[in-house]
Every structure is written in C-alpha cells, then in structure tokens.
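**Student:** Spelled out from the first residue to the last, the chains are:
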Amino acid sequence: MSPKPPVRRSKTGPTPAEKGKRASQLLRRRLPAGSVEAHLERGQWKVSLAPEHLVEAASALRTEASTLYEMAICMTCIDWPERDLRFDVVYLLRSLVHNDLAWLSVAASEETEIPSLAGIYPGMEWHERECFDLFGIEFTGHPNLTRILLPDDWEGHPLRKDYVSFGEPVAFTHNIEWALSAQDRPEYLPGATRGAVERP
Amino acid sequence: MGLRSADGGLVLPERVLAARAGAAKAPAIPGVIPSEQELADAAAQVGVFTTTVGKVIAWGRYSSLWPALFGLACCAIEMMGASNARYDLSRFGAEVFRASPRQADMMIVAGRVSQKMGPVLRQIYDQMPDPKWVISMGACASCGGIFNNYAIIQGVDKVVPVDVYIPGCPPRPEGLLDAVIKLQKKIAATPVSSVRA
Amino acid sequence: MAISPPPVGDGTPPEQIPRQEGIPRLAPQGRGEFLDKIESAEELMEINMGPQHPSTHGVLRLVLGLDGERVRSCRADIGYLHTGFEKSFESHIYQQCIPLTDRMDYLAPPMNNLGFALAAEELLDLEIPPRGQYIRVIVVELSRIASHLVWLGTHALDLGATTVFMYCWRERDRILDILEWISGVRMMTSFIRVGGLMADVPEEFVPMVSAFTTDFQQKVDEYEGLLTSNPIWRQRTIGLGVISAADALGFGCSGPTLRGSGVPYDIRRAHPYSSYDHFDFDVPIGLNGDVYDRYLIRVREMRESCRIVDQAIKALPGGPTNTADRKVSLPPRAEIDTSMESLIHHFKLTTEGFRPPQGSIYHAIESPRGELGFLMVSDGGNRPYRCKVRAPSFSNLSALHRMVQDELVADAVAVVGSIDITLGDVDR
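Chains as they are written, first to last, in the working numbering: chain P, 1 to 200; chain D, 1 to 197; chain C, 1 to 428.
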C-alpha cells in the first residue's frame, strides 16, 4: 500500500491540539472539582459535565472574556442503547474572537431532566425541540417544548436506535403486487386508491 | 346516443350505422351533389370547419393548463427551470402558475411528500375545481424515491389520483415538458362528459 | 492568529452604526405610522402563510400575529419536508450516503457532498491530492454561484421583478451544463465523493469553465443594473428586517445573514479546507443588517466566487484526483486487470465500504446559506453511527421572528426571501 501523504492543517486557526482548550480550562476553574472531565480526541477537547452544571457552564463560556463562545452552532444527541445513560447530548459553541470551538457533552438517560439553554442562546430553542422530537429528551425550562419536524400526533422518537424506520417493501417477483400503481393495486394492500375518490 | 355493450364497447343503433354506410357510398354527381372535398374547400373559403364539440373543448382545456404551485423540493427547481427561457413551458400554454388552487386545473406535485404534508396535499387537491389533472413529478412523488423510510409517503398516488408519472431524480426539464405533452394527448383522448374514476 | 473582533459584538443597535454614503437612513417608523399598540396577544389577528405559498420558498408555514398591518409575532411551523436523512445515514454505507446528501440543500448539492466527504475524510485522516482539491473548489464555487442565482431570481420574483428571474436562470443553465458535462447529472451530481471525485474531468472542462467566467461579471452587472440603484428595490429593502450582530450570533446565524450584520466570519477564511487558502478572494460584510445589505453581499459573493473559479482553473495542477489509499478510493480500471490486490479492494469497497476508526468529529464548510456542519460519529463499522447535519437554514430561520418584528405584513415576504432558506436544509 502506498504511504499516505501528510495531513495539512489550517494555517489561520489554532493548532489542532488546542481546539476547545479554553473551554475545558475555564470550566475546570469555575465548576466544582471533579464535576468536569475533559479529554482530547483528534484535536478537539471534549468536556463532559453533569446536567445540573450546564446552565452555569454555558453562561460562563458565553460571557467570559477569555472564551467568549457567542455563537450557538448546534446541539444534538447520540444514542448508545447498551449504556445505562444511553443518550450523549452534545453542545457545540463557537468563539469568533478566539477562533475556537467548544464541545460539551452531557450523559443522560430517558428520565434525566436537562435544563434548557434557550435563555442563554436563543438558537438552542429550536435545536432542543428537535432533540425532543427525534429522541424524546425533556428539557426543563424550555419555552415551547413541542414537536418541530414531525406531526404533533406522531408516536415514537425516530432517531432512537430501537425505532425501526420502514416505508414499504421493494417489489420483486414474489411480491409483485407492490409494483402495481395505486389505481391497480388489490384492495388488501395499503395505498390502493380505487374507490378513494368519490365523485358525484 | 350510444349504448354500452357488456364488454364496454359502444353499440350504435342500426339506423345510424346504415346512414353512415350510406353516406360513404353516395356518389358525387358533378354540379348537383358536391363531393366531400368540394364541401371542405367551400367551407374553408368562408372560414368554417367542422369538428365535434368534444374536440374543441378538449383543445381548449389542454392548450391552457394552469398549474397550481406545488413545488416541494428539488424537483421544484427543475420545474422553475422548465418554465424559464431555455425549456419554455409557455409554448404549451402552461406558464401561468397560479398560487390559489381555486384558479388552477393542473397540479404538478414536484418533490417528496412528507407525512406532515400529506393532508395539505389532499386539501389543495380538493380545492381545485373540476376538471383537474395531476402530474407526479420525480421519483419521490411517484413512489417515494430513494427515501424508503418513516418520513416520506411512498408515492403521492396514495393521496391523490395521478394522471402522468415522471421518473427521474430530478427529471430533466424536458421530462416535464414530455409529461405535459402526454397529458395533453390524454386530455384530447378523454370524452368531455366522462367522470374521473 | 485570531480574526479581529466583530465591530458590533457589544450589541450596538443598528441605528447607531454609521451608514454608507448615498444610502438613506430609513428608520422603522419611517415606513408607516404606528397606531396605538394593542395591549394583549388575544387581540392579534392570526394569518397563516403557507405551507403552500408562492413566496415561502418551499413548504414553510408562518403564523403571523397582526396588529393592523404590523407583524407582532411570527411563529414558524416547519417539518413539512422532513425526510429522515439522519436516520437514513445510519443504514447506508458511507458511499451510499453521498447521493442522499445531494438532496438536503438541493440548491447547491455539491456543497453537501463536499461537507460529508470532508467529514468522513477527517475521520479517516485522509488528504486529497491537489488536483482533486482544486476541482472540488471549482465545482463547489460554481454551485455557490448557481445557488445565489436561484436566490436572486426567486427573491426578485417575490418583489415583482420578473426579468431578473429569467436572466438568472439563463446563467444557471450554463452552470448546470458544465456540471452535466463532468458528472452526467444536472443537479444531484454526487461528483464529490469520499476519497476524491467520481472521476477526472474531461478535457472540455477547462474551456467551458473559462468561457463561463469570462462573461459572468458582465451578467452580474446586468442584474445589478436592474436592481441595485432601482428606487423601488431600494425603498422596499433598505432598513427592513434588521437584526443586530449579537442577536444573530445568539441564534446561530451564519453566512450572509450573519455577515450582513457586520460580523466578519467566513469559514473559508477562519478554518480553510480543500485549498481555499491558496486563492485570493474578498468576503463582503454588511453594515446595517437589513435586506438590502444581504442582497449586496450575495451579489458580491457571486463575483468573488467567479474570481476563485478563475484562479483555480488557471492554476489547475495535474496528477491524480483521488487519494492513493485503496481502502477508501476505487482502484483504476486498468489496475484491476493485473493486480489481485486491486481486485479485492474493489470488491470490498463496493460491497462493504470502508471502516473509519472509532471516534467523532465535527467539520463545517461555508455553504451559500452559512455554516453547514457534519457531526459524524463512527463506531468502527462501515456505516455512520450517527451523522448529525448542522443545517444553516435551520438556525437562520429561527431568527426570523426577530427580523420580522414590527414590520409590515407586506414586507414579511421580502424578509423571508433575504434569509435564503432551503426547506430541504431546514427539515432534513
């Protein structure tokens, strides 16, 4: 196998070993000892904290001059069903002045109540609604925690790993009825429109 | 005047058949009974042509199809491309995209229909007055496309009856033009008084 | 090296920012008299815009609470185009995800391809040869121009300027011709793939692109001649839909929506990717945060993209376009006939795909709408374990209610158009 060419990194931003380092340093100073855990992975410092410290951490990151993470990038969740605290809620914040990216992560189960950051970053309001919609995580103090992408009466949370997403089977010769157009479909199959349009 | 036989074909009364047969055999006597060609020439001179009411109505309908704006996703961009200068949809009389479905007679469902959008699609279709036609543009509207999952309705014909399906992801603007032409031929072949099933 | 701090990061309201010469100051009150403000929310009249609407640029539903003609509240109801992309990514191998990404932000499909490919390549710790990077930049900047042309055409059409709509599609069809020439598809090209490109470009690519860039600047002059100094356009857009920089940052706005408020942030400059630091281009910044500024920024961005394409096509290096790593990129056809190892690589790649090591990264690129980011989590398998798409239109749209506050309902359409949302991006 031919050798891989060297990886070139950005010249204007901070070097990869330091992305998010300001955030981890500030949070270690501010929050109680032992409640912050940070590790460096692929050039990004990832900080794990408990839900109860989240609001204080976010407001500190936003307002402190040494960090100034003003831009709310996004917030999402990763589902690891075999863990006890199955959800890994990830917050990404950007500091334009320092050209830095903070990665905060909160481990949560289905019953954990995570405080909402909508009061600090207005942009997180819609991201938290999307997390609630697709994963079912409740955020306390959210101004309007309702479904945002799916219909209001939808049951289930699709992005969880135990939710099976399926449309309809692909038609082969053994189930050729699925290949017929809806007007010709036999009535026992879903989607048949014969008789569906009543005309006077 | 037509009666339908058991197999669905049209059965005409005997006197009508005899009259038609007789007319074809009547010879043209020069100066007394004009031939078909002479009749047609004389009519053209005074600006008259004969046809059936059905054909004229169908011609009027298919020459000025007014699409209801129903661009949902990527196919909508190609639909806009089809109505622009290079692939000119107004050659076929269909450039007047009406925002209100009450003023439209054709709905081009261009794009993927999600579960939340399905009832809205049906409501817009119901608001359109008769006669109305539906073109399902693209793979997602025809059968769900590449999205065989929880979020997309697998084919818009589960919600509204469709006349022409266009494959493609997205179909080229020429594909949409081809669909409009096919729809025009379908309208030309449809009897005026038929009820859509 | 840090970029200079945003000039209005302290929350200075836009009225206090000095304006450019020649642009009149039109305060919100100048657009009509304020009647007595109503007391309670129940007295508002709720008007529903959409989801089927000529000017919402897709299936967006806005519920506007009106006090006479003034918009006092705006609630956006999205999800009418939710396609479940993120769930679909989890059940497709990485190469199969590329055609899926095309359909998200469907106005600039190569941009999504590039974002996904760069994120996957960061997980694989892979670098693409210079020719591949330059061609990626050309394709992506052409698609940026194409997306801005659609935005300009539809925005102008909403405000009544139909000619601009026709003109913009004239140029867009030329760009789609170029994309069709290299990939076979007009819109959903899937040309940029993990490990490089679909294939090397044919020899007509360079003359076609050069011919396009030669006369594109005059075409932009045509559009500007119709709109920029047009008194109707200026009256309808100046001073409208203002958002301050602090608000924009809080909502997570990015791209022209953020730069219109004076924040000089462009990911191509801050975190250059795919050889953007080799090219010389300007990033336009607005002063007032209104609709007119965002229009000027996007028109100028079209010119700058044309400059980048010009530089890239003139300096296009030779060599391979795809990485030499055979575990990621397909071997050339000739090699399969002679080398058993290449045959096995080809077989494995097409059936199983590649397996990035475990880990998670976030990679963002500058799409025409703003920061398009991919948070990709790999568990060592051949499918993404979780691929979150940070859509720029989603965050930009969440700021809409702030921009449209106290504006006339007739101007709401102009504000929605100026944010340049793509519903495929918002709903995913």
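Do not take every clue at face value.
[Claimed, not checked] Lysine-lysine pairs mimicking BS3-like chemistry, simulated, CA-CA at most 25 Å apart:
1. Lys161/P to Lys87/C
2. Lys219/C to Lys327/C
3. Lys87/C to Lys158/D
4. Lys55/D to Lys185/D
5. Lys161/P to Lys21/P
6. Lys55/D to Lys132/D
Hint data in this document are derived by calculation from the structure and do not stem from the laboratory.
**Student:** The structure should be examined with respect to each hint, and the outcome stated for every one.
**Tutor:** To see whether the hints hold, each was checked on the structure:
no. : hint                 : result
1   : Lys161/P to Lys87/C  : holds, 9 Å
2   : Lys219/C to Lys327/C : violated, 45 Å
3   : Lys87/C to Lys158/D  : holds, 23 Å
4   : Lys55/D to Lys185/D  : holds, 11 Å
5   : Lys161/P to Lys21/P  : violated, 32 Å
6   : Lys55/D to Lys132/D  : holds, 17 Å
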